[in-house]
Amino acid sequence: MTGNTCNQELMIEVRNLTKRYAGNVAINNISFAVKRGEIVGLLGPNGAGKSTTIRILACYMPATSGTAKVAGLDVFQNSMEVRRLIGYMPENNPLYTEMRVKEYLKFRARLKGLSMRKARERVDIVMEQCGISNVSKKVIAHLSKGYKQRVGLADALVNEPSLLILDEPTIGLDPNQIRTVRNLIKSLAGKHTILISTHILSEAELICNRAVILYEGNVLACDSIDNLRANLCPEGRTVIEVSAPIDELKEYLDTLAGVEQYDLSANDDGFITCSVLCNPGFDIRLQFFETAITRRWKIRQLSKERATLEDVFVKLTLTSKESE
Amino acid sequence: MKNWIQAFLVLTSRELGSQFVSLRGYVVLAASQFIIGACFSYLIEQVNTEQLELPASELFFATWYYWLILLLSTPMITMRLFATEKALGTYETLITAPVSDLEILLAKFSSAVIFYLIIWTPLIIGLASFNRLTGNSLNIHPGAIIGTFLGVLLIGAMYMSIGCLASSVTKSQNVAAILAFVFGTVLFLIGTYSSSLATSVSWLASVISYISMVQHMPDFVRGVIDSRHIVFYLSTTIFFLFVTLKILESSRWR
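Here the protein sequences come in this chain order: A and L.
Its first residue numbered 274, the first sequence is counted upward by one per residue in the working numbering.
Its first residue numbered 478, the second sequence is counted upward by one per residue in the working numbering.
The reader is advised that the hints may include incorrect statements.
[Stated by the list, open to error] Partner residues are not named here, just some residues of chain L that face chain A (Cβ under 7 angstroms, in silico):
| hint | residue |
| --- | --- |
| 1 | Trp481 |
| 2 | Ala484 |
| 3 | Val487 |
| 4 | Ala515 |
| 5 | Thr567 |
| 6 | Thr570 |
| 7 | Ala574 |
| 8 | Asn608 |
| 9 | Glu726 |
It is worth saying that the hints were derived from the structure and are not from the lab.
For every residue, glycine included, the Cβ atom is placed at its ideal position computed from N, Cα and C.
Put together the whole structure using the sequences plus the hints.
Pasting the structure below:
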């Protein structure tokens with residue numbers, strides 16, 4: 274067996290991975306690692322190479338070059354062992370829709386090598402865990418999309434995988450269903466290492482401890498979400514709602530050296546909403562408050578927002594475009 | 478080894494189950510039963526009008542009914558095997574489970590062959606009741622029945638392997654069905670030319686008679702088990718399955 278020399282603490286180890294399809298580069302020489310027990314988000318816009326990376330890790334297709342290891346096992350050379358360790362839910366969650374929920378899960382459990390007794394036991398546990406015990410006898414085709422998603426998740430969990438790989442688990446769900454699926458994934462933290470791909474940044478912020486940001490086949494960043502926020506966008510935006518003459522307001526904001534950029538939008542009730550992005554270390558709030566008093570402006574809101582992953586992402590992709 | 482058998486059995490039973498939950502499975506079954514029934518009523522008419530020398534089972538396979546069922550039902554049974562799974566994406570969950578491509582292929586092939594044999598089981602009842610009603614005057618003996626079913630099984634298995642191949646090269650089940658039908662029909666038609674070619678080119682004639690199913694079937698039906706026929710069907714079946722396996726495996730290194 275190869276690869277036993279590697280660090281046992283690492284669940285996923287991707288090194289210089291490249292995948293080309295007929296001349297197109299889907300992922301270009303990417304490297305990242307995931308430690309045991311972490312929940313890591315693979316982020317990026319559509320077409321960034323998230324699904325390709327995930328499919329290589331799940332042993333669905335090989336890489337053009339580079340290595341990917343799961344728990345120290347090469348996904349190409351020790352494919353069978355790796356597949357036994359993984360619970361994988363592909364994008365769009367394909368299921369045998371003509372089967373009944375329990376029947377399907379039992380089939381999958383047996384296919385993954387569980388004994389008859391163990392399969393029965395695990396199926397009951399994962400159905401409970403995913404909240405689908407009440408639909409166990411229903412035909413999958415008749416279920417709502419949220420339930421189908423949970424059936425897919427139950428399938429991924431049925432063999433007690435050490436690594437759970439979920440490709441866009443909340444795509445196409447309504448907000449309530451999204452919340453249920455997210456909570457479900459969060460409840461799995463600690464028991465499994467989870468790699469989850471998504472293009473919804475707020476989702477990654479809610480679920481993951483760490484993010485790997487992919488863009489056009491390259492890794493732009495790979496760090497904990499707090500670090501990403503702190504290093505890349507230390508200052509969040511400040512939101513101000515004020516009733517003031519718009520020209521005067523613009524003039525005032527332009528004079529402030531600490532203001533990097535701002536957007537103004539007038540409300541119907543005479544208030545103006547300004548979203549101000551300040552330079553690191555500059556807090557506009559006190560200064561603005563005092564100015565408002567002297568100029569007799571009415572303030573309705575004056576608050577600072579935390580930088581979101583969205584800001585981080587925009588900043589990263591912009592810098593990568595500029596450097597090209 | 479235990480895992481291997483478990484995965485194979487689990488997959489085969491799911492595949493067989495999926496044949497029975499679809500309308501298509503029942504349409505194939507019903508249509509085949511209709512044709513077998515039509516053939517029996519034709520045979521009964523024949524028996525009533527003239528004295529027969531041949532055993533009834535042979536008479537059955539001397540008509541075009543058998544070939545009609547073979548050529549039409551096999552593409553219908555095999556078209557979904559891989560094509561639909563690829564189109565729906567379930568193939569991805571299937572091959573990322575810890576099962577080998579060979580297990581998947583053998584399970585799908587076996588389920589198709591079993592389903593095909595199920596189509597033919599009423600034939601046993603038919604022949605038995607036929608025999609009884611006519612007071613065994615048609616001299617159907619057990620050897621002939623065994624030979625008949627061996628022939629049905631071997632030819633059926635070869636057509637199933639062709640169907641597996643056709644289904645593995647496309648994502649569309651319709652394309653898979655058409656490919657399997659065309660290939661199967663051509664193979665059948667080549668055999669029917671053997672009589673007209675017998676005098677012209679000798680080596681070609683012998684090749685064609687070797688692969689001529691219409692010439693093999695009477696032997697099986699009489700209970701004559703010719704090892705040449707068995708070798709021919711087994712080797713072609715294994716060949717088509719092997720090519721299918723390589724096509725399936727290619728997705729893992731492409």
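Here is how each hint holds up against the structure:
1. Because the beta carbon of Trp481/L sits about 10 angstroms from the nearest beta carbon in chain A, more than 7 angstroms, this interface hint is broken.
2. This hint holds: Ala484/L has a C-beta 6 angstroms from the nearest C-beta of chain A, less than the 7 angstroms allowed.
3. At a threshold of 7 angstroms, the smallest CB-CB gap from Val487/L to chain A is about 4 angstroms, leaving the interface hint in force.
4. A distance limit of 7 angstroms between C-beta atoms decides the matter here; for Ala515/L the minimum to chain A is near 31 angstroms, and the interface restraint is violated.
5. Checking Thr567/L against chain A: minimum C-beta separation of about 4 angstroms stays under 7 angstroms; hint holds.
6. Given the 7 angstroms rule on beta carbons, the hint for Thr570/L holds: about 6 angstroms separates it from the nearest Cβ of chain A.
7. Because the smallest distance between the Cβ of Ala574/L and any Cβ of chain A comes to about 5 angstroms, under 7 angstroms, the interface hint for this residue holds.
8. Contact between Asn608/L and chain A, as hinted, is not supported at the beta carbon level, the nearest pair being about 40 angstroms apart and thus beyond 7 angstroms.
9. The interface hint given for Glu726/L is broken, as the beta carbon of that residue sits about 11 angstroms from the closest beta carbon of chain A, more than 7 angstroms.
The earlier numbered hints that this structure contradicts are 1, 4, 8 and 9.
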